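Residue strings, one per chain:
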Amino acid sequence: MINNNAATINTTSKVNDFVVKFANTNGTGSASANNMFAKAIMRMGIPVSAKNIFPSNIQGSPTWYEVRLNENEFLGRRGGKTEIIVAMNAQSFIADIEDVAPGGYLLFDSSKQIPEQLLRDDINYLGIPISAICLKEFQNPRQRQLFKNVIYVGALAALLDIEFGVLKTLVGDQFKGKEKLITPNVYALELGFQYANNNFSCPLNYKVERRDLIGNRIMVDGNTGSGLGAVYGGATVVGWYPITPSTSVVEKFASYCQRLRIDPATGKKNFAIVQAEDELAAIGMAIGAGWNGARAFTATSGPGISLMAEFLGLAYFAEIPLVLINIQRAGPSTGMPTRTQQSDVLACAYASHGDTKHVLLFPESPSECFEHSALAFDLSDRLQTPVIIMSDLDLGMNDHLSAPFIWNDKQKYDLGKVLSIRELDNMESFGRYRDVDGDGICYRTFAGTHPNKGAFFTRGTSRNEDAIYSEKSADYVKNMERLERKFSTAATLIPKAEISSGLQNTQIGLIYYGSTAQAISEAKHILHKQGIPVDLMRIKGFPFGSEIEKFIDQHEQIFVIEQNRDAQMRTLISTELNIDPNRLTPVLCFDGLSITAKQISSDIIHEIEQQIPNQEVV
Amino acid sequence: MSFAKSKFRHKALPVNDLGLTYRDYEGAISTLCAGCGHDSISSAIIHACAELSIEPHKIAKMSGIGCSSKAPTYFLSNSHGFNTVHGRMPSVTTGANMANKDLTYLAMSGDGDSASIGLGQFAHVVRRQLNMVYMVANNGVYGLTKGQLAATSDRGVKNKVGDTSLFNDIDLCTMALQLGASFVARCFSGDKAQLVPIIKAAIAHQGFAFIDIISPCVTFNNHPGSTRSYDYVQEHVTTGAVTDFVPTREEITAQIPEGEFEDICLHDGSILRIHKLDKDYDTSNRLKAMTDVEEHKQRGEILTGLLYLDPTASTFHELNNTADTPMNQVKQDLLCPGERVLGTINDSFR
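Protein sequence lines, in the order shown, are assigned to chains E and F.
545 is the number that our numbering gives to position 545 of the first sequence; each next residue is one higher, with no gaps.
60 is the number that our numbering gives to position 60 of the second sequence; each next residue is one higher, with no gaps.
Isolated chain E, as found in the complex (with noise of 0.2 Å):
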């Protein structure tokens, strides 16, 4: 047996630089101590990324929350062995034992005595007697339960000299209005710091010092900024149906609405949301209330694209206004649920039958999932078309370090080609489909505005200019051409890539979008490092901008990191822009967790080698 109190394999010393990571048990109410742990170092004013790693399954299961300290701001997943594990979970307690780095620690729950044969020497074990301590202190069998990971934190807060105050008052900010709860839980976190500094040397060699780097950045996850955007924007309507890893988007919007949205005089709602029967009815209820002039969406994943394809047909082709939020997650057909990646591009894009194509935009952080969202709305209404929000399992539902949301009061939501009754009475005659204003964008009218003028007949058939049903060939062609027109017209609406140039000049460009942005800078470093300078492009939306073929155009490899396995995004910017695909090189990670930026970096490098004796043989 060891003796649990000892930390005696020599460290190297870090500080606001390595990885802490909680095993915990699905359902035991670990993930806000865990939360506390993160959002103190940002207190501290040190950039910190906190990512769950959990299982499809409610309780019982292993589940992580991997926190990484960086004072460069490299904040995507690092890899590689943890410098510290807190082994809280005896299902999966070899393979965390496992996970910790050479010199590392493992920090675990010592009521009970590790079997001899799980002992690796080269590394350090920091046993503390939580259960012990929470069964002498704690009567309440629940506190038991849920104290065990507070104590936790507290033996942390001493151990990496976190300092305790920061607590404290996280503490009572979480349950601020609750307050018998504050007394209990810093009781517990005080458990923790003094068992720690009474039989630790603390602090340890891997230790958090406080900074200023932090700024007016909040802590929060893609899917709050997501919902919140919804509100922002004006979406007044939704229907929905619960899918990992986008059920949080509906919640958080109609937790915000039950905070911003009641009418204090009448206690009535200005929103209305509807938890469907299923997907298709979802979509099906987002398209109906946009049809009828209010800011609609819904919310979904992977497969619940597949079971929506037919009626985004319809919403591009009838022209009907739709705003999709898709937090994609590993597939394809159930695939991993709880495992994020970036491979519902071209699914999206493409989505239905017939030569259909959906403007996309790619947040990549809680800021820009609010920005996006609130936007689509207006782009949507404007151009009359589905507008799709390409988030993921990691940006949606771990917590980022981000820039706080932005609303600017002087921003007036553009509801895009409406016709009043005024203008109705004003006009000779009204084509629902007319190209008056040779954009590819044609007025709209809403039912229940004139008597006499601009009602119209919606419908997924072909129809002419004056949306009457006709299958002649000319009406079909012109229409499906105006609508090229429109998609042609929508690229300069969105959103353009974000171009930033090294400081040396290189023929390498890296593209990449979404949540892949969260490697990338640390990716730059290293290849930077080795002594290649890379440009960088952001894709932001599609259709692309000319921003984006001028930017190939100007590098001579191009690199397009990305989240799946078929390199959707390279297909996409290849078919759409008449590139040769092998102009892109594709840099691809599809295990269903974040891509790193070692693995990003060794992939350009191990490509560049490649590269080199044919050179020489040219």
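Among the hints, a few may not be true.
What the hints assert, rightly or not - Once the Cα atoms are required to be at most 25 Å apart in a straight line, the calculated PhoX-like pairs of lysine-lysine come out as:
1) Lys-410(E) - Lys-540(E)
2) Lys-331(F) - Lys-412(E)
3) Lys-453(E) - Lys-5(F)
4) Lys-168(E) - Lys-178(E)
5) Lys-331(F) - Lys-268(E)
Hint data in this document are derived by calculation from the structure and do not stem from the laboratory.
Since the structure is predicted, the reported quantities are computational estimates derived from the model, not experimental observations.
With chain E fixed as given, assemble chain F onto it according to the hints.
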């Protein structure tokens, strides 16, 4: 045959309270088969809306896909219409209604649309008590794909090519009753005297109104082996009650005669007068309505008329406590909490 309707309007055509004639409630010329029961339904809708003096532009015509769902083109050309996708009209109507509760929603569906691909959506729109009129033009056959059996085809009946229906039929009225519809009726498209007042009452009803309308298909289901042919229906139809709809402005309740009449006051003050052919007939008894439908079916009869009515039912918007202003008219200042509130929200994430 003419493919365009004359704009000529005879001066002697009667006008309603809005000064509109029946012609103002018509639609395009029907492209359905001559004699199609669906055209009779369109005609009944035109009469009902004209007689109720509803402003046509305040009506939304909703449908799915199929012969039935083409029908809205043939009535109310001054109304917005939406021909959605097969079986999914209920969800689109739900969304439309969520966006604007002040319109009248007239939905046309068919047996394939509602009893097969759309059965799930049908069930859920009933239980949500959406304020709409949901009409199924039920001909027991797939028309646009030329004569396949439908889920409402009775077990043992044959289609035109001789295939026999092996499975039990789905009775949409029984389903609607079980799922809590507050207005359930079954009609025969050929009986305009019955259909028009029932459509009027359904429109006046605040809540989910379902009308299953037996609407024979003259092309694919008008043969001896069918239980949805004109001849079969006319021979087997049984009327449970004769219904009159009395708009609120035309009659006062004190004048209503007693005896075998039952009078029900609707939300807007209109009266629904039911002449009971069967003394035991009770439109307020949901369970008995289900039993009556089944008993008549077992006797080979089709029970028509208003089967069930709950005039006190709550609507979707009442249940959801949504604002009086339709969602599509709420102004930005009430929807967007603004910069200051966002600042506080940002603080909660620090």
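Hint check:
1. Lys-410(E) - Lys-540(E): Judged against 25 Å, a Cα distance of about 24 Å means the pair holds.
2. Lys-331(F) - Lys-412(E): 11 Å, holds
3. Lys-453(E) - Lys-5(F): Given pair Lys-453(E), Lys-5(F) holds - Cα atoms ~18 Å apart, limit 25 Å.
4. Lys-168(E) - Lys-178(E): 15 Å, holds
5. Lys-331(F) - Lys-268(E): 15 Å, holds
In this structure, none of the earlier numbered hints is contradicted; all agree with it.
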